[in-house]
Amino acid sequence: MKFSIIVTCILFFTNSLFAQQADSTSPEGKAKMFLRQGDYTNAIMLLTRAASSNPEDLAIQKDLAYAYYMKRDFVKGLEVAKPIVKRKDADVQSFQILGMMYKAIEERKECEKMYKEGLRRFPNSGVLYNEYGEMLWTKQDFAEAVRLWERGILSEPSYPGNYYNAAKYYYASQDKVWSIIYGEIFVNLESFSKRTPEIKSLLLDSYKKLFIDTDIYKNQDVKNVFVKA
Numbered sequence: 005m006k007f008s009i010i011v012t013c014i015l016f017f018t019n020s021l022f023a024q025q026a027d028s029t030s031p032e033g034k035a036k037m038f039l040r041q042g043d044y045t046n047a048i049m050l051l052t053r054a055a056s057s058n059p060e061d062l063a064i065q066k067d068l069a070y071a072y073y074m075k076r077d078f079v080k081g082l083e084v085a086k087p088i089v090k091r092k093d094a095d096v097q098s099f100q101i102l103g104m105m106y107k108a109i110e111e112r113k114e115c116e117k118m119y120k121e122g123l124r125r126f127p128n129s130g131v132l133y134n135e136y137g138e139m140l141w142t143k144q145d146f147a148e149a150v151r152l153w154e155r156g157i158l159s160e161p162s163y164p165g166n167y168y169n170a171a172k173y174y175y176a177s178q179d180k181v182w183s184i185i186y187g188e189i190f191v192n193l194e195s196f197s198k199r200t201p202e203i204k205s206l207l208l209d210s211y212k213k214l215f216i217d218t219d220i221y222k223n224q225d226v227k228n229v230f231v232k233a
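Take any residue in the sequence shown, note its place counting from 1, add 4, and you have its number in the numbering used here.
Hints listed in this document are in silico derivations from the structure and should not be mistaken for laboratory results.
Each hint can be trusted.
In silico DSS-like cross-links for lysine-lysine, where the CA-CA straight-line distance does not exceed 30 angstroms:
#1 K80 with K90
#2 K113 with K143
#3 K204 with K107
#4 K143 with K90
#5 K34 with K90
Given only the sequences and the hints, what does the whole structure look like? Please build it.
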């Protein structure tokens, strides 16, 4: 099984590499190169031309919006990003990009409306639940934030971001059990990222607190089967 996954990943990477090489001379390919180099002005120039020639190409529109975001030109970025999410072919990433814009300018009301629409169209998107929860966290609406992360876990169990945030939430609360449950699942899903050491440290401390406290049911939801186990 693991060997098959490795082979699949190698084939995918190889195909992607050839596609990048073949596309490196196109305006879009050059624009992506400029984006990687941090030359957002030239990337925007090329992507604007490409968008004018191919107004129906969703990928180009998203790249242009993202380039404006990276340049911190949120006025122009919003002009591009807002119409994208209204398109029939808009995807989860379209909503992510617009969400980043709204968060950057702290436009929480519009951001919340946008996430609700995104989840209406993509009700199983763990990414959108996660980012919506993060936005609510900045509003100090902690209870609703964790509710969204847990809904994201139910909707897309393989997405690690919701476990990450939920584990941190419960670690900061009085609950010892759920920080461990979510933390362990996160580490299994995302074993080698920059966030992994943070959660491993959280887990170690959570286990210490759990076993030092003689009353392990204290401050727990004892009706929950995980806690009883």
